[in-house]
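Asks: Chain residues, written in single-letter form:
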Amino acid sequence: MDVAFTVNGEARRVDAAETTSLLEALRNHLGLMGTRYGCGLEQCGCCMVLVDDQPAYACTRELGTVAGRKVTTVEGLGTEAGPHPLQQAFLDEQAGQCGYCLSGILISAKALLDRNPDPSRADIVAALDKHLCRCGAHQRILRAVERAAVTLRNGRPA
Amino acid sequence: MNAPVLPASPLPASLIENPRLDRWIKFQPDRTVRIATGKVEMGQGIVTAIGQIAAEELDVPLDRVAVLSGDTTHGPDELYTTSSLSVDVSGGSVRLVCAEVRAKALDRAALRLNCSRDELTVVDGCFLQNGAATGQDYWTVAAEIDLTQNVTGTTPPKPVASYKVVGQSIPRVDLPAKMSGAAFVHDVLPADVLHARTLRQPNRGATLVSLDEAAIRRAAKGELQIVREANFVAFVSPVESVAQAAAVAAPRHATWNNVRHLVPEQQEAAWLKGQPSDDRHIGAPPPVSPPKNLVQATFSRPYIAHASMAPSCALAEFRGGHLTVRSHGQGMHPLRQNLAGALGLPIDAITCQHLHGAGCYGHNGADDAALDAALIALRIPGKCIRLQWRREEEFGFEPVGPAMLVTLHVDLDAKGRPADWTTEIWSPTHVQRPGSGTGFLLASEAMATPPPEVAPFDPTEQRGGGGTRNALPIYDVPAHRIVHHLVMRPPVRTSALRGLGALPNVYAIESLIDDLAARVGEDPVAYRLSILSEARARRLVELVAERAGWTSRGAAGTGKGLGIGFARYKNRAAYAAVIAAVTVQETVKVDRIWCVADAGLVVNPDGARNQLEGGIVQAVSWTLKEQVRLDDQGIASRDWESYPILRFSEIPDMQVEFVEAAGNPALGVGECTVGPTAAAIGNAVNHALGVRIHDMPLTRERIMAALLKA
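Protein sequences, first through last, are from chains A and B. Take the numbering used here: the final residue in the first sequence is number 141, and no numbers are missing along the way. Take the numbering used here: the final residue in the second sequence is number 727, and no numbers are missing along the way.
Just chain B, same shape as in the assembly:
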């Protein structure tokens, strides 16, 4: 009957770390069931999807499921909400927990009713005996279910074929509030709120020599407290514009020593080559025989910004020796741990709660703002501190997505197919999340005794790698390897941004694949299929070509182009095949995108399509427009004019779809389109111009230069 249909596997990591059932589920007196997750909503719809999984497994109506997300008091520790893992890991955990609790509840009901469990079914949370009402439901037996027990993972979840809620495009539960009023951490304004802004230390090691507080107070024009702790300065006022005015004026009235100076070359990916690096060799041993037909090409992507629509914000209150922080960071348990470390407080003295923020797409200023707020709260106890970064602060001080330089060394066989493949990468680290990476909450570097610097490292290959993410081609290549130069001292703080190294690596690989096809005079789709044996992968490449009418693709060099890009995210999450149609007239206009993806079981198809579309738009923006600019002092692109992103008038028509693959486990979708989209655009531009542009973004200057060189 209840035969397990998802492949047997060990417990998800989240259940191993948080085995007690009551960390996940609680039946509440108002006839709702609270499902807790450590993953947080960032606009990706995870709260809705988790609710669907719980409603499905418990057989309760969706409106009786209340999802509690990112709560250190009541919820599980699931680290950060990253890497397209939430549906797989947190959703998988909730599914097993709910299946087990459902079975326990039915056991209790059977005892009460003196019947066999097989006679019982669950409809809308009520237990029926041979189809008739019994007066028993989850809530009548809840007190008799011991949720302090650990999950065993032995109760088989429902068969996928029986799903009624999972697989449906349920509207997002959080969107209505966001379209009609208060909805974000930014919108919480208790009566005793104090508004705060900071003066940022220009760089680690810089020391504040003098601060003309009188001048700042004159500029602020209102009641103002100035909080100083070593090289951390904050301006606090009951009136938000007073705190803001103080912070805007402050840099002119502050003198710093040990300010670092940058040179313009450092903003380009090319600068990375030759810098001190930690070098690793991953995969096949170096080739023994000299190459017969070696092809080499180098591609690059500059530093890019998360560029969240909202500056980071946090609320902190220190009352009775207990610190409560509300934040839109991606992981509340790690934040709590990091705050304890930075503030020297016992972890039990800190509570962190997630509130929604604007989309962040990775590690932006959210966690740093939380420490800023906490530092102020400790100095001004008994008040609610609302700390918000300024727009220029968000652009100027958030960690950025690392620049990358990728050189491919590919030896071809007699048929022009890759026989030996090396991807050589130069990149700063992709993860400086405090705790799981090497970084610190920003303000801790401004303290009198900053935490000692730690040599950077990247996520391991088991976690999908950082700079090496998607560095190996999905194609059939007899031998492949990665040479990874982790650049130790980049000019700016770098950390996780949607997809990590996947975008530059897939751009490089898929560009070269097109060039290799051209060398043997073959069609790019046919060439790919000739070296792609995995059935799921072939199906997508064939299907996207069909959707886009690939066979009628015209000649190269007309100014109009069609290009393909394909990858499986992390070589183990969702597959996405993308075709882009472009028009190139000095600048690149992406006219249309076709995307076909395979994500296995899709919990919420429309929500998942929304993620595919969002990834595509963001990748178009990165590929065509985006680069963080540096000046002597640091990041110079500090507003939307110096850091333009894609606008409504530049959005391509999009056609995205999932192939039916519900028999396979759910694969994360949030990041799978970014690499293939960038690659498809690069190949389409190549088709339009007959010229390959190796360096992103594909700006007017780069196109002109490429045309002149051709």
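This is chain A alone, in the form it adopts within the complex:
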């Protein structure tokens, strides 16, 4: 089965069963490793991606359901050489330790800032509360999202 959808702005096709998880399609078929497996149960948030700009757990999302839709992964935010303001803010705050949870958190933060460019600390906490971080970088992550919000409001390109 050939499923066509847009990934990070590019038209892509994946030849796999419709029931294949979006996570497996992204990682094993398209080589996009930034979306990570944590639990497969929608409990940790490591696999968060945007489907039509809404956060979605890629671990349980079936490939067939994204046909014709727009998927954004952490690779779609920016690169090491050209980071998105969110990624840059996370680096500026050194908001992470092992980093395994960060790509999912960056995606949820992106969705938040897209719909609310000036979130309160409570708004950020609410948007990220479905994400787990075992290293305890939470406070830095919250500061980083606040910093990115300021950068983006000041008109830097998203």
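It should be emphasised that the hints constitute simulated quantities derived from the structure, not laboratory data. Misleading hints may appear alongside valid ones.
As the list claims (entries may be wrong) - Derived BS3-like pairs: lysine-lysine, alpha-carbon spacing no greater than 30 Å straight-line: (1) B/Lys121 / B/Lys181; (2) A/Lys53 / B/Lys238; (3) B/Lys726 / B/Lys577; (4) B/Lys175 / B/Lys121; (5) B/Lys726 / B/Lys606; (6) B/Lys121 / A/Lys113; (7) B/Lys309 / B/Lys726; (8) B/Lys238 / B/Lys43; (9) A/Lys113 / B/Lys726; (10) B/Lys606 / A/Lys113; (11) B/Lys642 / B/Lys577; (12) B/Lys309 / B/Lys290.
Claimed, not checked - In silico contact screen, one side only, chain B against chain A (beta carbon under 10 Å); selected entries: (13) Asp296; (14) Tyr378; (15) Ser453; (16) Ala636.
Note that the structure is predicted; figures quoted are calculated from it, not measured. Glycine residues also receive a C-beta, built at the ideal position from the N, C-alpha and C atoms.
Given chain A, put chain B in place with the hints provided.
Replies: Then chain B, alone, in the frame of chain A:
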């Protein structure tokens, strides 16, 4: 000039074991210098810190230092990355090696330039003569430096006061990749990769009677190889979801004999008391006279999980008789040794390379996954096997942090101060790392002839102890001792988790100290200072009290509380003083944490603060929420709902700082906050409620029960 400023000491253990300079340093043709370390990155920033130390000592730019970490072919054997020792031992080794190589390079350059070495300086890796360029640098003379020589440790490193790179908050070199794409062992997918999952033996001694392979193949719905070796079973497929589906279905289609059965009481620390144990007495002899004013109290911590964000993963390839394993374990040289033992291969036939994984905080499933992958690779040679544990497997089969029961017996003097102190501990072993502890790589127990069981033991007191870690108070007590009951047969496999026994012991000691202060009607901070003579320790207690506004602490029993906890990790690593502010309304909310630490010379202050913060958050989580649940078969808490950890909405505001202490040697910081944080919360809850809760975690049920009893 180059007077040694760090106290003279014998060579670090790593240099004694790996004396050749070329195990540590190599000048590469691309004008970089490769610094090898046996310690590995787990999110704690060690690769960045080691790079800083090398750049500082060699006077080369940081971006010309390439740190090679955890490589059995080229790097030193530094055992496991544990116990907050990496900066001290590996960093200390790199510092001495680089100082020595720098001196050798300058000697060669002086010969070439026909000048005195004193005329030469190093700037950005280039050698200047009286400040002028010479065309000479490390790389032009590298071929003339004999790095096969052994380190002597006699070249004095730079004085601390001259440091330009060490002591700076350099951003982590590995973080950018982790925020933008492939970065972990999990992310390596060669074209010929085969995905693998396992069916786990329920317990040592259980035997696989039957396996309905046809049913499993139907569930897998795709190309599947089933690898069986005695009681080890793996499912292998080019399609990851096929291997996963097979493994998920497999338990329903497997019949085991000799399955062990547990009882619910075994999940509680209280069960440990009275079990067969290996008993040791450490410290002062038993008191000769009967106690005059004996106070006794018992505290406990249950089994807790490492709960790494990623299930363990490893890559193994067996090609041309050589096994290459890539793993996120904490020590590649020990892993290589253990794999050789488990697989019956000569050690020279195995290479182990570290790749990054999610934070593990101790001995989780990483090494076990490496053996799983290797077993499959030997059966399917010529392919890259990518073995990943399932989430439920990680929770269900990783070694857990041991439950502990701690009873303090303290005899007080006429002023209500401790005159004689006994810490009595019941705990399973804290280290079952294969090689340095008593355990085995998990799948070796599933082989036809498992390695014979070995009686458990704990790390020695010289290594900081296990259950006895931080069991002696830092306070002035005329006589103190430990009675250690090492419980021989716990219901679950236990091993190292951040801090080992430090958290329960510091929780117990610091709780009792608060209670002793209350007995004589004294303020907990003032009481501590009255029995704490060490200047570095007093400074932290005073400072954290100042930061938290301790003097305005209100009355007890209002539902809001402020509590303090203090310890020096292992009684010889970093000091941390913590104050917690809590609100208790059925559950405990930690509102704020103040932490002041003394870690001597800090290589990367922001990185080290990140470690303090991480330790605090993890300790809040352990103290308030975490307990491994057991059922009839073993560990029952196998997902994030049955094993909840602290969330964003529960994170306290934190204010952490290091006191200036760069004149003292670097002290490991990774684990120093966990005990003081737990204790500060316990004391804050006591202040909020007027009731002491002795058993962790401080759940709603425990609070209600304590209030009813009060």
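Asks: Between the alpha carbons of B/Lys726 and B/Lys577, is the straight-line distance 30 Å or under?
Replies: 20 Å, holds
Asks: When you check the alpha-carbon spacing of B/Lys726 and B/Lys606, does it fall within 30 Å?
Replies: 22 Å, holds
Asks: Straight-line Cα separation of A/Lys113 and B/Lys726 no greater than 30 Å?
Replies: 36 Å, violated
Asks: Under the criterion of a CB-CB separation shorter than 10 Å, is B/Ser453 in contact with chain A as hinted?
Replies: B/Ser453 check fails; min Cβ-Cβ to chain A is 23 Å, beyond 10 Å.
Asks: Given the proposed pairing of B/Lys175 with B/Lys121, does the C-alpha separation stay at or below 30 Å?
Replies: Answer holds: B/Lys175 to B/Lys121 is near 15 Å, not above 30 Å.
Asks: Regarding the pair B/Lys238 and B/Lys43, is the alpha-carbon distance no greater than 30 Å?
Replies: 50 Å, violated
Asks: B/Tyr378 was flagged as interface toward chain A. Is the shortest Cβ-Cβ separation under 10 Å?
Replies: 7 Å, holds
Asks: Decide if the proposed pair is consistent with the structure: B/Lys606 and A/Lys113, CA atoms, cutoff 30 Å inclusive.
Replies: 19 Å, holds
Asks: Quickly compare the C-alpha distance for B/Lys309 and B/Lys290 to 30 Å and report which way the hint goes.
Replies: Holds - the C-alpha atoms of B/Lys290 and B/Lys309 are around 26 Å apart, at most 30 Å.
Asks: CA of B/Lys121 to CA of A/Lys113, is that 30 Å or under?
Replies: 55 Å, violated
Asks: Does B/Lys181 lie within 30 Å of B/Lys121 when you go C-alpha to C-alpha?
Replies: 22 Å, holds
Asks: Would the hint on B/Ala636 be counted as holding, given a Cβ-Cβ threshold of 10 Å to chain A?
Replies: 9 Å, holds
In the structure shown, a violation is registered for the earlier hints numbered 6, 8, 9, 13, 15, in ascending order.
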